[in-house]
Structure formats: C-alpha cells, structure tokens
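For the record, the sequence lines run as chains D and X.
Here the first sequence is numbered in the numbering used here, starting from 955 and rising by one per residue.
Here the second sequence is numbered in the numbering used here, starting from -5 and rising by one per residue.
The hints are simulated quantities; they were obtained by calculation from the structure and are not laboratory data.
We treat Cβ as the ideally placed atom computed from N, Cα and C, and that holds for glycine.
One thing to keep in mind: the hints can contain errors.
[Said to hold, decoys possible] Restraint ranges, calculated between C-beta atoms of paired labels, are given here:
(1) Asp56/X with Ser1045/D: 44 to 54 Å
(2) Glu52/X with Gly1091/D: 24 to 34 Å
(3) Lys1052/D with Gln13/X: 47 to 57 Å
(4) Ser73/X with Lys968/D: 31 to 41 Å
(5) Asp1003/D with Ala66/X: 49 to 59 Å
(6) Leu971/D with Glu(-1)/X: 49 to 59 Å
(7) Glu959/D with Ile51/X: 15 to 25 Å
(8) Phe977/D with Lys32/X: 38 to 48 Å
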Amino acid sequence: MKPSEIIALLPYEKPFLFVDKLFSVNDEFSEGSYTFSTDEFFYKGHFKDHPVTPGVILTEVMAQIGVVCLGIYLIAQENTNLDNVQVALASHEIDFYKPVFPGETVKVVSEKEYFRFHKLKCKVAMYNDNNELVCRGFISGMLKNLSDGA
Amino acid sequence: MTREELIQSLKKIVEPYVQDQEAFQNLSEETDFINDLKINSANLVDVILDVEDEFDIEIDNDAMEKMLSVKAALDIIESKLSS
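Required output: the full structure, derived from the provided sequences and hints.
Structure follows, in structure tokens:
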C-alpha cells in the first residue's frame, strides 16, 4: 500500500488532520512529517500573545503518523475493504524536550512494539528541522476494521 | 499448579488494569473482566499478553475472544498448560 493511499484513508480532516507527508511505511515502521501553519486554530489561545504548539497537539501528530498510518498499513495486509476503519487512542506516555513554534515542520518516526488483538503499541519520536528531539514516548491505539466484521 | 494458585497469579496480572477495586477484592471465578472489574478493551489485551508471558503460552484470536471472565481465563490457561 502506497503512502498516498494511506493518507487518503485517514479518518481526519482540517483542522485536525496532522499528516502532510508519509515518507515510508512498512510492517515495523512509519515515518512522516507535518508543517504547522502560522494560523492553526490553537495558536490563538495557547498561549495568550505567545503562540506555542500545545503538547497534546504534538502527541496527536505522533499518534496520526506513528500509530494510525502504520495501523492502516497493517490492517490492509489482511483486509481488502478499508472503508470503515475505527480508531481509538488507548494510552500514551510522552516526554517533551523542545518547543515547536508556528511555521515549523516536524518529523515523526515510529517503531511497532506489537500489533495484537486490534491493539497497536508504538515507540514514537518527533524531531524538528534541526534534527533535534522534540518529544518521544509510547502511544497505543485500538484499530478495528468494521467492514470485515472484525 | 492448582486452580487456587492460578487464580492468585491471574489476580496479580489483572490488578494494574482494574477500575473497580471492590469487585477486585471480591474476585471469584464468576468475575467478568469488563463488566465487573471495568477493565477496558485495550487493557484486556495487556492482560492477555501478560498471561502469555507469565505462563509461557500462546493465546490465539479464538481463545482471546473467549477470555472475558476469570473462569474462562483459567480454563484456557489450564488447557494450554496441559497440551
């Protein structure tokens, strides 16, 4: 399955789609990027007169690229009909190292820990344009393909 | 391993994922992981993975779908251990 096909299947849209590019996806790994435009909705309030990307949004970017994109790829290995993939966040434990400001591009790298009984757990890290570690940790989600009754 | 020893091992495994502590204190073979202990579906997967590690067995999808109560879990662990 090609990266463009995976992005097309994501169950998100603006202003909550946080995947611009998927560089590579395979059975064990996914890597992609997102560029924060200067007028993202959350900069208005986080913080007053001092826009910084919220940690929950960074976590969301890591979850979309690292868990959902990888999960769709893995589900596609076993299913042909992917019209109704349901996604839920299960847990996350993230440490933050650098702030991300409006206009920055971040790269997400994710490694599969396991995918069993619909639960995908990944070790995920995010880097900024200078290749500095922004945040890293573990995220897991439940991914079910309802079209196949699974 | 006796049935009682199995229950004690299983209790240790499920404890971190339990929401309803009172149901956990009164745990019996009839206790249901989701309805009684209020374990969520993601953590139920963790329970199964921990059971695999603890008893060195492999749980397949069919067995996983049946492992919803203490009794069902014990039956599956016992049958895997004896096979």
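Each hint, compared with the structure:
no. : hint                                : result
1   : Asp56/X with Ser1045/D: 44 to 54 Å  : 26 Å, violated
2   : Glu52/X with Gly1091/D: 24 to 34 Å  : 28 Å, holds
3   : Lys1052/D with Gln13/X: 47 to 57 Å  : 35 Å, violated
4   : Ser73/X with Lys968/D: 31 to 41 Å   : 51 Å, violated
5   : Asp1003/D with Ala66/X: 49 to 59 Å  : 58 Å, holds
6   : Leu971/D with Glu(-1)/X: 49 to 59 Å : 51 Å, holds
7   : Glu959/D with Ile51/X: 15 to 25 Å   : 38 Å, violated
8   : Phe977/D with Lys32/X: 38 to 48 Å   : 41 Å, holds
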